[in-house]
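A.B. asks: What follows is each chain in one-letter form.
Number of protein chains: 2
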Amino acid sequence: MFRNFKMVSKVVFGRGCASQLGDILNEQRRSNKSVMIFLVDDVFESGTLKDRLPVKTDDLIVWVNVDDEPKTSYVDQLTTQVKKHMVGKQDHHPSGVIGIGGGSAMDLAKAVSLMLTNAGSSADYQGWDLIKKPAVYHAAVPTLSGTGAEVSRTTVLTGPQKKLGINSDHTVFDQIVLDPEMIADAPNPQRFYTGMDCYIHCVESLTGTYLNSFSQAYGEKALDLCREVFLAGPGDADDRLMMASYCGGMSIAYSQVGICHALSYGLGFVLGLHHGIGNCVVFDTLEDYYPEGVREFRQMMARIGIQLPRNLTADVTDAQMEKMIDVSLVLEPLWENALGKDWKTIMTRDKIRELYLNM
Amino acid sequence: MFRNFKMVSKVVFGRGCASQLGDILNEQRRSNKSVMIFLVDDVFESGTLKDRLPVKTDDLIVWVNVDDEPKTSYVDQLTTQVKKHMVGKQDHHPSGVIGIGGGSAMDLAKAVSLMLTNAGSSADYQGWDLIKKPAVYHAAVPTLSGTGAEVSRTTVLTGPQKKLGINSDHTVFDQIVLDPEMIADAPNPQRFYTGMDCYIHCVESLTGTYLNSFSQAYGEKALDLCREVFLAGPGDADDRLMMASYCGGMSIAYSQVGICHALSYGLGFVLGLHHGIGNCVVFDTLEDYYPEGVREFRQMMARIGIQLPRNLTADVTDAQMEKMIDVSLVLEPLWENALGKDWKTIMTRDKIRELYLNM
Chain A
0 MFRNFKMVSK
10 VVFGRGCASQ
20 LGDILNEQRR
30 SNKSVMIFLV
40 DDVFESGTLK
50 DRLPVKTDDL
60 IVWVNVDDEP
70 KTSYVDQLTT
80 QVKKHMVGKQ
90 DHHPSGVIGI
100 GGGSAMDLAK
110 AVSLMLTNAG
120 SSADYQGWDL
130 IKKPAVYHAA
140 VPTLSGTGAE
150 VSRTTVLTGP
160 QKKLGINSDH
170 TVFDQIVLDP
180 EMIADAPNPQ
190 RFYTGMDCYI
200 HCVESLTGTY
210 LNSFSQAYGE
220 KALDLCREVF
230 LAGPGDADDR
240 LMMASYCGGM
250 SIAYSQVGIC
260 HALSYGLGFV
270 LGLHHGIGNC
280 VVFDTLEDYY
290 PEGVREFRQM
300 MARIGIQLPR
310 NLTADVTDAQ
320 MEKMIDVSLV
330 LEPLWENALG
340 KDWKTIMTRD
350 KIRELYLNM
Chain B
0 MFRNFKMVSK
10 VVFGRGCASQ
20 LGDILNEQRR
30 SNKSVMIFLV
40 DDVFESGTLK
50 DRLPVKTDDL
60 IVWVNVDDEP
70 KTSYVDQLTT
80 QVKKHMVGKQ
90 DHHPSGVIGI
100 GGGSAMDLAK
110 AVSLMLTNAG
120 SSADYQGWDL
130 IKKPAVYHAA
140 VPTLSGTGAE
150 VSRTTVLTGP
160 QKKLGINSDH
170 TVFDQIVLDP
180 EMIADAPNPQ
190 RFYTGMDCYI
200 HCVESLTGTY
210 LNSFSQAYGE
220 KALDLCREVF
230 LAGPGDADDR
240 LMMASYCGGM
250 SIAYSQVGIC
260 HALSYGLGFV
270 LGLHHGIGNC
280 VVFDTLEDYY
290 PEGVREFRQM
300 MARIGIQLPR
310 NLTADVTDAQ
320 MEKMIDVSLV
330 LEPLWENALG
340 KDWKTIMTRD
350 KIRELYLNM
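Sequences listed follow chains A and B, in order. Just so it is clear: in the first sequence, position 311 is 310 by numbering that gives the first Met the number 0, and no numbers are missing. Just so it is clear: in the second sequence, position 235 is 234 by numbering that gives the first Met the number 0, and no numbers are missing.
Simulated from the structure, these hints should not be mistaken for laboratory data. Treat the hints with care, since some could be wrong.
The list makes no distinction among identical chains, and a pair is therefore deemed to hold if it is satisfied within one copy or across any two copies.
Claimed, not checked - Pairs of lysine-lysine, PhoX-like flavour, derived with a Cα cap of 25 Å:
| no. | residue 1 | residue 2 |
| --- | --- | --- |
| 1 | Lys343 | Lys88 |
| 2 | Lys88 | Lys49 |
| 3 | Lys131 | Lys83 |
| 4 | Lys322 | Lys5 |
| 5 | Lys82 | Lys350 |
| 6 | Lys55 | Lys161 |
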């Protein structure tokens, strides 16, 4: 059985295309009383982006904070806020939820659009194909590239018990607006860490056991583009990085990430480390598993001038360490993709502990 | 303004995945009385494919003949046949139209699915964005790779006056089933000609003036895959050719084909030459416009052992020649993509006549 991969319905790509967002959303507004919800990374609250949002009278802008990665409790709180905003409005649901920001802001938009139509807490839906009802129309305007969140069928959330995505066809965006000018101002090291999320997941995907030619074509192109961006630095690096992220996300269709992502989830859950930097910290210790990838990754780090934090696990308690191991071991498809069906005989708790102690 | 590109809704890719077609269609059947229409290239009428089609009692298999490329009159005839089949059935429309074959069979499925819900003749809709109503659900199972018809927003039809596609978001398939085993038996030279459709349209797209990074990423990957398939011949050539076709089709999102396709349309209209072979005949004469591409194309021809027909235009009448020129000149976006805004000063009727006389 091969996955019947749900694609993003519509894509617009081009320098300046974010200015078309208003026209695109107008097609989704059911009437002039309809409501759009903009979830925007609060890093933009003080800038000029606000003036360019195609906001109408009854719309709601929520400046979302992503200092922490998205938590299920935050998703539930935002969903409640949107529901309150809809009280007394003509429509029961908003006509759309638009995420503007990096992977976290996009994931919040996905999760809120799902939770407006599915009862309970978002924590109830962490897993695979647990969502029963279609989401509200949801769109993304990425301002950082690398996570592939713009095309993926997951929204990664930290819940009370686990860090795990809501993986569902209904999670996939209805619309993505890929404007390379929107990522032009992303500062390093954040730009680098997010770009490396793409690079690393392609290394994991291309060396994994789940791979087929669909994912291989996308993964290879994403890697090529990452190399161009981070080893050569062409004039249109923003355009290429945006396409690298898109291709990297698509490559996951018939593949999976691997050891780095599995360990990074555990690290992120316990230490609160963001996904991008977490992946970099973990990947730098995985020379035994991804020798060529780690070597090239270090060349990119050197060229961009990135210093990774070290000794992150020196002070973790035994309980924290066990929790990190637990969280990473939940991600069975990732381990199986990396190490095959017999992964449990290779990747023991002791081995994982040893790897974590290197970070 | 950048095009808001409509993507195929769902893709399944993998060796043997065509066996999942029944399950996929069951999700679309509105009841056990629902009807699926299978438009299948009649080359398969005598083989074993018929026994593997997931056909239910009220479904209809139509063996379509693609000796000629799809005509609007044929589309209208097939649409009438489907409408007659639906008389007395529970549903007004079928639950789906499934095209199984190469570009022509896929284009027929697209066109019939559109004409079931849009009144009049398919000739009325040749052009850009003339379709007003969504099509019936339509899916494709390619048995030849290269045209990109599986992901494109057009269905190329020969009408009473012109050869021109029905270009519309509604034309795009709801589902494509990409099974490399389905193209394994495609014979040369047909396989080569169809593969070269992909190669040539990527050369045209990558050298065109409409290009952006989205189309460039896809076009470059498609070219790489074509080179692997036709210059190296790897064991998984079918998988790679299928992905080349998909990527080539996607590369058209923010690009256009060029001189070769424009001339090939005229040649096909007057001489009845199929699109794939027509492109090859034309491209072989375009060294002045695509020098590197034509050189590599000839290497591929030599390696596969292809002999192109020659002197095709030696006996055409003046009236036929003028018609060929007329048909090719209708395709303004193709000429503009290849030669820029001032293309009319470069590509005169005399120049086109001279090119045609070389074929």
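A.B. asks: Are the hints correct? Go through all of them and say.
C.D. replies: The hints, checked one at a time:
1. For the identical chains of this complex, lysine 343 and lysine 88 are neighbours neither inside a copy (53 Å) nor across copies (55 Å), given an alpha-carbon limit of 25 Å.
2. Only within a single protomer do lysine 88 and lysine 49 lie at most 25 Å apart by alpha-carbon distance; the minimum there is 24 Å, versus 54 Å between protomers.
3. Proximity of lysine 131 to lysine 83 under the C-alpha cut-off of 25 Å is restricted to the intra-copy arrangement: shortest distance 23 Å within a copy versus 37 Å between copies.
4. In this assembly of identical chains, lysine 322 and lysine 5 lie within 25 Å of each other by CA distance neither inside one copy nor across copies; the values are 33 Å within and 44 Å between.
5. Proximity of lysine 82 and lysine 350 under a CA criterion of 25 Å is satisfied in neither setting, with 46 Å inside one chain copy and 65 Å between copies.
6. Taking the shortest Cα distances, lysine 55 and lysine 161 never come within 25 Å of each other, neither inside one copy (38 Å) nor across copies (45 Å).
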